[in-house]
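> Chain by chain, the residues run as shown.
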Amino acid sequence: MYYPEPLSKLMDSFMKLPGIGEKTAARLAFYVVSMREEDVTHFARHLISAKRDLNYCKICGNLTAQEICSVCSDTSRDRSLILVVEHPKDVIAMEKIQEYHGFYHVLGGVLSPVEGTGPEDINVPSLLKRLQNEEVTEVILAMNANVEGEATATYLSRLIKPAGIKVTRLAHGLSVGSDIEYANEVTLMKAIEGRTEI
Amino acid sequence: MYLEQLHLKNFRNYTHASLQFSKHVNIFIGNNAHGKTNLLESIYFLALARSHRTNKDNELILFNKKNAYISGDLFLRGQKVALEIMLSDRGKQAKSNHLERKKLSDYIGTMNVIMFAPEDLELVKGSPAIRRNFIDRELGQMDKIYLYHVSQYQQILKLRNEYLKQLRQKKAHDTLYLDILTEQLAAEGAEVLARRLVFTHQLEKWAQPILADISRQKETLAINYQSSLPSSEALLENEEENTITMALNEAFLNAYRKIQAKEIEQGTTTIGPHRDDLSFFVNGQNVQNFGSQGQQRTTSLSVKLAEIELMKEQTGEYPILLLDDVLSELDDQRQTHLLYSIQKKVQTFLTTTSIEGVHTKLLQSPKLFEIENGQILSENYLEKGQIREKR
Ligand SMILES: Nc1ncnc2c1ncn2[C@@H]1O[C@H](COP(=O)(O)OP(=O)(O)OP(=O)(O)O)[C@@H](O)[C@H]1O
Ligand SMILES: [Mg+2]
Ligand SMILES: [Zn+2]
Numbered sequence: 001m002y003y004p005e006p007l008s009k010l011m012d013s014f015m016k017l018p019g020i021g022e023k024t025a026a027r028l029a030f031y032v033v034s035m036r037e038e039d040v041t042h043f044a045r046h047l048i049s050a051k052r053d054l055n056y057c058k059i060c061g062n063l064t065a066q067e068i069c070s071v072c073s074d075t076s077r078d079r080s081l082i083l084v085v086e087h088p089k090d091v092i093a094m095e096k097i098q099e100y101h102g103f104y105h106v107l108g109g110v111l112s113p114v115e116g117t118g119p120e121d122i123n124v125p126s127l128l129k130r131l132q133n134e135e136v137t138e139v140i141l142a143m144n145a146n147v148e149g150e151a152t153a154t155y156l157s158r159l160i161k162p163a164g165i166k167v168t169r170l171a172h173g174l175s176v177g178s179d180i181e182y183a184n185e186v187t188l189m190k191a192i193e194g195r196t197e198i
Numbered sequence: 001m002y003l004e005q006l007h008l009k010n011f012r013n014y015t016h017a018s019l020q021f022s023k024h025v026n027i028f029i030g031n032n033a034h035g036k037t038n039l040l041e042s043i044y045f046l047a048l049a050r051s052h053r054t055n056k057d058n059e060l061i062l063f064n065k066k067n068a069y070i071s072g073d074l075f076l077r078g079q080k081v082a083l084e085i086m087l088s089d090r091g092k093q094a095k096s097n098h099l100e101r102k103k104l105s106d107y108i109g110t111m112n113v114i115m116f117a118p119e120d121l122e123l124v125k126g127s128p129a130i131r132r133n134f135i136d137r138e139l140g141q142m143d144k145i146y147l148y149h150v151s152q153y154q155q156i157l158k159l160r161n162e163y164l165k166q167l168r169q170k171k172a173h174d175t176l177y178l179d180i181l182t183e184q185l186a187a188e189g190a191e192v193l194a195r196r197l198v199f200t201h202q203l204e205k206w207a208q209p210i211l212a213d214i215s216r217q218k219e220t221l222a223i224n225y226q227s228s229l230p231s232s233e234a235l236l237e238n239e240e241e242n243t244i245t246m247a248l249n250e251a252f253l254n255a256y257r258k259i260q261a262k263e264i265e266q267g268t269t270t271i272g273p274h275r276d277d278l279s280f281f282v283n284g285q286n287v288q289n290f291g292s293q294g295q296q297r298t299t300s301l302s303v304k305l306a307e308i309e310l311m312k313e314q315t316g317e318y319p320i321l322l323l324d325d326v327l328s329e330l331d332d333q334r335q336t337h338l339l340y341s342i343q344k345k346v347q348t349f350l351t352t353t354s355i356e357g358v359h360t361k362l363l364q365s366p367k368l369f370e371i372e373n374g375q376i377l378s379e380n381y382l383e384k385g386q387i388r389e390k391r
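Those sequence lines, one after another, are chains A and B.
Under this note's numbering, the first sequence has 113 at position 113, and the numbering climbs by one with no breaks.
Under this note's numbering, the second sequence has 55 at position 55, and the numbering climbs by one with no breaks.
Same shape as in the complex, but just chain A:
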């Protein structure tokens, strides 16, 4: 027996998500059909809104519903610190531990010749521009501790250091090859405390 058309279309959409194969898609699709109409309507609206109403912060590159994200518009933060991360989800992980009170810069990726990503393809130019205008004294690099992350961090430090700004690397405490996203909160805190100049 074939799936009715609306169901197979929904399954097809679910299968566009990472890690979802046909079996899981079928289970989710059947579940959606059994949900209350009101919940399904909300679900659909939220999906569209997440895409339509979000954009990247003009200053730091983080995801936000405004032009400027909530971190960048928070005047109580320490203007002398910028923490550079790969992805918006790293900002959220870092904010959860409430230990860091400076600003962020989200690259949106790392340098990778294999992926064809150069400095212009990630938010490197906007970072360098920020450093010219702002009263930043320290940049903390928090790329993942894999080969691409290391190379990107070293690259940034070579560009930033000549301007007389202190550059530290968040690496200790994160296991080698690990993603920041998966690091637990204790290791993240240790990592912040143990940052080193490179």
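Derived by calculation from the structure, the hints in this document are not laboratory data.
This one's a predicted model, so the numbers in the text were calculated from it and none came from an experiment.
Even glycine gets a Cβ: it sits at the ideal position worked out from N, Cα and C.
Wrong hints could be hidden among the right ones.
[As the list claims (entries may be wrong)] The calculated DSS-like cross-link candidates involving lysine-lysine, where the alpha carbons are at most 25 Å apart (straight line), are: (1) A/K58 / A/K16; (2) A/K23 / B/K92; (3) B/K158 / B/K258; (4) B/K9 / B/K95; (5) A/K23 / B/K158; (6) B/K344 / B/K367; (7) A/K23 / B/K65; (8) B/K170 / B/K262; (9) B/K158 / B/K144.
[Unchecked claim] Selected chain A positions facing chain B (in silico; Cβ < 7 Å): (10) F30; (11) P113; (12) V114; (13) T117; (14) V147; (15) A151.
Chain A is fixed; fit chain B with the ligands onto it per the hints.
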């Protein structure tokens, strides 16, 4: 160390099999294509979580089944260690001492094996890649940090080659990023090379007396590591052990600096452990080019036997030896030497189609397993002279 028992479920052509082994010599006997090599492969897999003859784990699962299961009890310094691996189309799950090891690198290394198959007689004759693989495999078993550096090196190499290509095609222009990749590659290359140089010296030290012995003192052996980095051998002789890596790092940086323009032109990395090789010399002549077939075999055999001793020196335990069809390839004198040198100290598994080709009188009551179509027909210890009567 020795493997006391082995259990297979849906591995290759074995639906179910349970075997109890001798601490000394175990012989798998059977006709072609009945599953002798498959048994050795399963032992190899239990140790290293991969096959010696394929990269596709799926091929190891019995046709039309979803999972394979391999387990065994290893005895290590008087302690029993339970090892098990579950294999499915989604990957593999390895446990030692009933604990799951999420990273396979945490699993590998408990059980050490050395496989000697007819292809290994090609070690001397074959391509440089065969010899690099040989070093990576054997050194990696003894030294996990080496494996880590090799994998880092390969990842950086891939980035650097890709970036050199983009520089050549003028798709990229920033040499700062190249410098950074070069520094990272030099650092990892130095770690890999330092360990390989030491390994080669140790291998030579153990292989020399073995070859002398087999050749009745007529031949002398030298093993040279041929590095694509100029003068790395000299560094090894002049530097203290703890400064070798630093000196090699420096030497790599200098070398890469000198050839940067050429590497951009070629769009690839031309110096480093990925371009290196081993050479074997018997009585001063390169065996690869000038050795007779017999000398090439004797050299390969000496190297394999040296590895056993080296592993014992490094880990404190003799590894388990897997001999696939090699006895019939060796003449009487070499076979005698091989069997004599493993006698009593190394647990050995060997395959053969006929017992006639094996000098069983040299062996202390070996255990014989008759294999037919993925089944163990019989298993029993052979007492002296028993074979003759049977035939
Ligand atoms: N995944 C699998 N499922 C079932 N059977 C398999 C599988 N892979 C291989 N075989 C079978 O295993 C047999 C080969 O076994 P093996 O290589 O151990 O033979 P062998 O006894 O070592 O023979 P030889 O003496 O020729 O070396 C073949 O018959 C092959 O069809
Ligand atoms: Mg075989
Ligand atoms: Zn912002």
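> Which earlier hints turn out false for this structure, listed by number in ascending order?
1, 5, 10, 13
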